[in-house]
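> Residues in the sequence shown are numbered from 1 upward in steps of one, following UniProt numbering.
Everything labelled a hint here was simulated from the structure, so no lab data went into it. As the structure is a prediction and not an experimental result, all values here were calculated from the model. All C-beta atoms, glycine included, are put in the ideal place defined by N, C-alpha and C. Some clues are possibly wrong.
Quick list of the computed label-pair ranges, beta carbon to beta carbon [what the hints assert, rightly or not]: (1) ASP32 / VAL195: 41 to 49 Å; (2) CYS140 / PRO105: 40 to 48 Å; (3) SER115 / VAL144: 32 to 40 Å; (4) ARG196 / TRP33: 22 to 30 Å; (5) LEU26 / ALA203: 46 to 54 Å; (6) LEU56 / TYR138: 37 to 45 Å; (7) VAL90 / ASP114: 15 to 23 Å; (8) VAL63 / VAL144: 16 to 24 Å.
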Amino acid sequence: MGPVAADGATAVEKGRQRMFISPTTLDENVWDWVVQNRSEPWITVAQVVTTFGNTLVVTALTVLAVVGLAYAGRRVDAVYVALGTILGYVLMQSLKFGFARNRPPIEDRLLNIDSFSYPSGHAMMTMVVFGLFAVVAYRCFAWVRDHRWILLLAPLMSILVGLTRIQLAVHWTTDVVSGWIFGVLWVALCTWVLVRYETRRRADIPAADMG
1 MGPVAADGAT AVEKGRQRMF ISPTTLDENV WDWVVQNRSE PWITVAQVVT TFGNTLVVTA
61 LTVLAVVGLA YAGRRVDAVY VALGTILGYV LMQSLKFGFA RNRPPIEDRL LNIDSFSYPS
121 GHAMMTMVVF GLFAVVAYRC FAWVRDHRWI LLLAPLMSIL VGLTRIQLAV HWTTDVVSGW
181 IFGVLWVALC TWVLVRYETR RRADIPAADM G
């Protein structure tokens with residue numbers, strides 16, 4: 001590699017570090033404001049709400065949903081939720097280790113966490129899991145299709161959980177926002193795959209009948 005190419009690669013790496021690893025000005029400003037304006041009962045509320053994004057809670061909800069769907073004969077939906085959640089978790093962990101961003105200063109954190117920061121696992125996985133649940137609810141229940149506004153509870157819950165991660169100073173703002181974005185994109189991709197699969201399956205049924 002020549003000196004020009006090496007300099008270019010170095011510049012790209014430095015830009016990557018500034019953009020994704022080092023906190024942005026927004027991150028620092030929000031963090032300063034949060035730390036300086038902490039008060040009860042908001043801290044207690046944040047500590048309670050954030051548990052909805054804990055791995056144990058999300059896993060338990062996913063298992064219950066998958067078992068319930070399988071028992072009801074909705075096997076495709078059960079696989080959709082199971083694979084969407086598992087692969088989404090793998091993606092989230094891969095992103096964390098890929099960017100290897102440090103969390104806010106440990107002395108300001110209100111929870112004992114020492115893993116990488118970007119993206120927020122709570123923000124991303126709640127958006128993924130509740131998003132998958134919303135899609136399945138729309139597919140399974142006529143009442144949900146007639147009252148689509150209820151589907152807004154899925155992203156709303158994820159937003160609330162994500163905000164608690166900022167309030168508790170365990171994540172930078174861009175960690176949380178990126179987690180939401182990655183979560184939405186992942187649910188969209190999973191749903192696209194599901195629709196493609198069902199479209200092809202319906203097309204294959206007449207062909208099999210004719211054969």
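> For each hint, tell me whether it holds in the structure or not.
Status of the hints after comparison with the structure:
no., hint, result
1, ASP32 / VAL195: 41 to 49 Å, "holds, 45 Å"
2, CYS140 / PRO105: 40 to 48 Å, "holds, 45 Å"
3, SER115 / VAL144: 32 to 40 Å, "holds, 35 Å"
4, ARG196 / TRP33: 22 to 30 Å, "violated, 45 Å"
5, LEU26 / ALA203: 46 to 54 Å, "holds, 48 Å"
6, LEU56 / TYR138: 37 to 45 Å, "violated, 27 Å"
7, VAL90 / ASP114: 15 to 23 Å, "holds, 21 Å"
8, VAL63 / VAL144: 16 to 24 Å, "holds, 22 Å"
Hint violations for this structure: numbers 4 and 6, all remaining hints satisfied.
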